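One line per chain: the protein sequences are A and B, in this order. One rule links them: number in my numbering = place in the first sequence (from 1) + 39. One rule links them: number in my numbering = place in the second sequence (from 1) + 8.
Be aware that one or more of the hints could be misleading.
As the list claims (entries may be wrong) - DEER-style ranges, computed between Cβ atoms:
| hint | chain 1 | residue 1 | chain 2 | residue 2 | range |
| --- | --- | --- | --- | --- | --- |
| 1 | B | V151 | A | A74 | 36 to 42 Å |
| 2 | B | G68 | A | D174 | 27 to 33 Å |
| 3 | B | A67 | A | G115 | 55 to 61 Å |
| 4 | B | G217 | A | D233 | 39 to 45 Å |
| 5 | A | K76 | B | A230 | 52 to 58 Å |
| 6 | B | T85 | A | K236 | 46 to 52 Å |
| 7 | B | P119 | A | D233 | 52 to 58 Å |
| 8 | B | Q218 | A | K101 | 34 to 40 Å |
| 9 | A | D233 | B | K191 | 54 to 60 Å |
Claimed, not checked - Some chain B residues near chain A, calculated using beta-carbon distances under 7 Å:
| hint | residue |
| --- | --- |
| 10 | L80 |
| 11 | A81 |
| 12 | E84 |
| 13 | L92 |
| 14 | S93 |
| 15 | A95 |
| 16 | V99 |
| 17 | A102 |
| 18 | M103 |
| 19 | V106 |
| 20 | Q109 |
| 21 | I110 |
| 22 | L118 |
| 23 | K254 |
No lab work stands behind these hints: they were computed from the structure. All values reported here derive from a predicted model rather than from experimental measurement. Each residue gets a CB set at the ideal place from its N, CA and C atoms; glycine is no exception.
Take a look at the letters that make up each chain.
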Amino acid sequence: MKKIYFVSLALFSVVMVSAQDFTKRLSEARTSYAAGKLDDSRFAMQQMLQELDILTGKEVLKLLPQKMLDQSVRAGQDNVSGASGFVGVLIHREYGGKAAYDSTAIQLDIISNSPLIGTINALLSLPFGMGSNPDQKIVKVNGYKALLSKTSGSNDKPEFELQLPLNNSLITLKAPGRSQDDILKAANTLPVSDIAKLTQ
Amino acid sequence: MLKKLKEKAENAANKALDKKADDAVGNNGNNNNGGTNGSGPSGGNNGPKYGKPSNKGGAGLVSAPPDVNENLASAETAFKGNNLSDARYAVQQAMLGVELQIGQNILKSLPATIAGLKKDSMQDQVTSTGWGWAGLTIQRVYVQGDKQFTLTVANNSMWMQAINMYLTNSGYAQNTGGQQNWKQVKIKGYRAVIEYNDNTGYKLSVPLGQSSILIFEGINFASEQDMMNAANQVDIDGIKKSLGEK
Chain A
40 MKKIYFVSLA LFSVVMVSAQ DFTKRLSEAR TSYAAGKLDD SRFAMQQMLQ ELDILTGKEV
100 LKLLPQKMLD QSVRAGQDNV SGASGFVGVL IHREYGGKAA YDSTAIQLDI ISNSPLIGTI
160 NALLSLPFGM GSNPDQKIVK VNGYKALLSK TSGSNDKPEF ELQLPLNNSL ITLKAPGRSQ
220 DDILKAANTL PVSDIAKLTQ
Chain B
9 MLKKLKEKAE NAANKALDKK ADDAVGNNGN NNNGGTNGSG PSGGNNGPKY GKPSNKGGAG
69 LVSAPPDVNE NLASAETAFK GNNLSDARYA VQQAMLGVEL QIGQNILKSL PATIAGLKKD
129 SMQDQVTSTG WGWAGLTIQR VYVQGDKQFT LTVANNSMWM QAINMYLTNS GYAQNTGGQQ
189 NWKQVKIKGY RAVIEYNDNT GYKLSVPLGQ SSILIFEGIN FASEQDMMNA ANQVDIDGIK
249 KSLGEK
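In isolation and in its complexed conformation, chain B is listed as follows:
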C-alpha cells in the first residue's frame, strides 16, 4: 500500500514537471529542431513533446537456454580455426545451457508444498554465470499469507567456504550463556548451521559435498523446530546427487 502511495506521488510529481517543461518548450518552440509541436516521434498529441518516446511494447528477450550441442560444435570449429577467444565463449555458453538444465531439473524435483505453504512458481529462479565464480544458483519460494519458506541451492559457489568456517571454527560453536543466534545442527545426517534474527527470521545453511550449499530461509516460523520440520521435507540427497556431489 505504501508502495502504491509512493508511485502515485511520483506520477503526480512527474506530471507537474512535464507540464512545466511543456510550457517552457512551448515558449521556445521555434528554436528547436523538431518534435516541439505536439507531433514527436511517438506520434499524435499524447506523446511527449520535448524528449524521447516512451516504450509501448516489444517482444522482450529470448529466454531459452543456450543450445548445448550447437555451442559445443561452435567451440570445436573455433578451436580448429585457432580462435581461442570464440572457442572460450562457446564453451561458456554450452556450460550455461547445461547448468540451467540442471537447475530446472532440481526445481521440478522439489515438492509442491512445504509445511502447508504452496510454491510460488513465479519466483522460481535458476541463475548461472557460465563459470565457476558465483556458479549456479537455484531458488524456490513457498508462501502462504505472511509466512514464507525460501530454498536456495548454490553450486560451485564461494558461499559455502564461509559456512565451512562456521563448522570447523570452535569459536562459532554453541555458547552456554547469552542470546544464542546461531548454532550447529544436523539435518538428515548433514551438519548445518542455523541462525535466527528477529528481523529476518530463521536461516539454515547446509554445505553439500565439496562445492555446494543449501540455504533454507523461514519468515514467521513459530519456532526452530517448525523450521527444521519444514527443511526436513526437502530431498537433500536427491539434490546432492543432481549436483554431482559426493
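Here chain A stands alone, though its shape is the one from the complex:
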C-alpha cells in the first residue's frame, strides 16, 4: 500500500513538472516567434509536443487495467519514453510476477504518434491479403480490427501477438505461453476507445 502511494506520488510529481515544462516552452515559443527567431520557436514547439506526448502516455497508463487474465500489473516496469514524430512515444506495461525479470509476463506496448504505423493499417484494409499468410488473421477487439499473428516461442511452441492500429498509434499485446483465446480475452479488457480518444 505504501509502495503504491509513493509510486503514485512520484508519478504525480512528474506530471506536475511536465505541465510546468509545457507552459515554459509555450512562453519560449511565443517570445522567439515575436523576435523573429523562427528556428528557436520551432524547437520550443517540438519540446511542447514531446511534453504532451509524455503526459498523454501517463494518462493512458491510468486507463489500463490493473489486472490482465490472472496477472497483476508490474508497476515498476511502467514506462513512457520516446521521441515524438520520429519513432513515436512508447508506453509500456507488464502484467506478471514480482521477480525483477519475468519471461512469461504479459507485455503491452502502445506506440503513439508514430509515422511507422501505416503498414499495419494497410494490411488490415486489404480484403484478399490475409488469405496468403496462414499465420495471420484479422480479429476484432472491442469493435476494432486487429491483426493476430502466430510467432515462434522459445521451445517452438506457437506464441501469439496482437497488433491493433488506431490511426497513427499501435497497440501490441504479447502473452508468452498463452493461447489465442487467452490473448484475445486479455485484449478485450483494454479500453480501446478511451485510448483512441487520448492518442488521436
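The hints should help you fit chain B onto chain A, whose structure is shown.
Just chain B, lined up with the frame of chain A:
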C-alpha cells in the same frame, strides 16, 4: 506532345463510352429514378444524363499558412482544459506555420538565376508535415530550355542519415578503377557526395549540421565542374543559419 496525343485519345475513348452508355440508359430510361431525360443535376442538355455532374469551378483550398499565435493560444486553452489531443493538434499547426515561414524566407534568399538558368517560381515549393519525420522540405527549380537545376533543402529529415553513411563508410570512397558514379567532394568547405547517372544527370548531396541536407540536381549539365560551379552560387552558410543548424 506525346502527352497531348494521349489526352486526345483518352477523350475520344471517353466520348465513345458516354455515347454507348447514353444509348443503353435511353433504352431503360423509364426504370431509373431521375436524371435520365437530359436534365440531370448539372442542368440542361449538356450535362451527363446518367451519372454525377462534372465540377465546373470552385474557390479551391485556402493556402495561407496556419496562424502561429492563434494556434499557440488554442494549445494553451486546450492544455488548461486537459484536452491533450486538441493541444497537440494546435501545437502541430503552429509548428507547421513556423516551418512554412522558414521555407518561404529561404526561397526569398535564393538567387533569381543560377548558371544562366532562370528560376521557375511556379515550381517553388515548401512542404511541412508539422512533425519531425519527413520534416520541412523546400524546393526551387531553375530552368532554361532542356537544362535544369533543382535545389532541395530538407530539414529534420531522415534523408541525411543515408548521406552521412556515404561519408563515413570507406566502402563508398572513390574507386580507382571502373566507372565512377559517385564520389566525395567539398563545396564551400562542406563535405558532400556527388553522383552521376546517364538518365538523371548530376546529383550533389550536402549534409548540413545535425539534421538538414541540401540536394542539388542538374539535368543536361556538360560536366562535373559545371555542376559544381552552379552549386557554388548558392549561399549555403545562409541556408544553414536560417535552419538553425550549427
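These are the hints, each one checked on the structure:
no.: 1; hint: B:V151 / A:A74: 36 to 42 Å; verdict: 37 Å, holds
no.: 2; hint: B:G68 / A:D174: 27 to 33 Å; verdict: 48 Å, violated
no.: 3; hint: B:A67 / A:G115: 55 to 61 Å; verdict: 57 Å, holds
no.: 4; hint: B:G217 / A:D233: 39 to 45 Å; verdict: 41 Å, holds
no.: 5; hint: A:K76 / B:A230: 52 to 58 Å; verdict: 42 Å, violated
no.: 6; hint: B:T85 / A:K236: 46 to 52 Å; verdict: 18 Å, violated
no.: 7; hint: B:P119 / A:D233: 52 to 58 Å; verdict: 54 Å, holds
no.: 8; hint: B:Q218 / A:K101: 34 to 40 Å; verdict: 36 Å, holds
no.: 9; hint: A:D233 / B:K191: 54 to 60 Å; verdict: 56 Å, holds
no.: 10; hint: L80; verdict: 6 Å, holds
no.: 11; hint: A81; verdict: 9 Å, violated
no.: 12; hint: E84; verdict: 6 Å, holds
no.: 13; hint: L92; verdict: 5 Å, holds
no.: 14; hint: S93; verdict: 6 Å, holds
no.: 15; hint: A95; verdict: 6 Å, holds
no.: 16; hint: V99; verdict: 5 Å, holds
no.: 17; hint: A102; verdict: 6 Å, holds
no.: 18; hint: M103; verdict: 4 Å, holds
no.: 19; hint: V106; verdict: 5 Å, holds
no.: 20; hint: Q109; verdict: 6 Å, holds
no.: 21; hint: I110; verdict: 5 Å, holds
no.: 22; hint: L118; verdict: 17 Å, violated
no.: 23; hint: K254; verdict: 11 Å, violated
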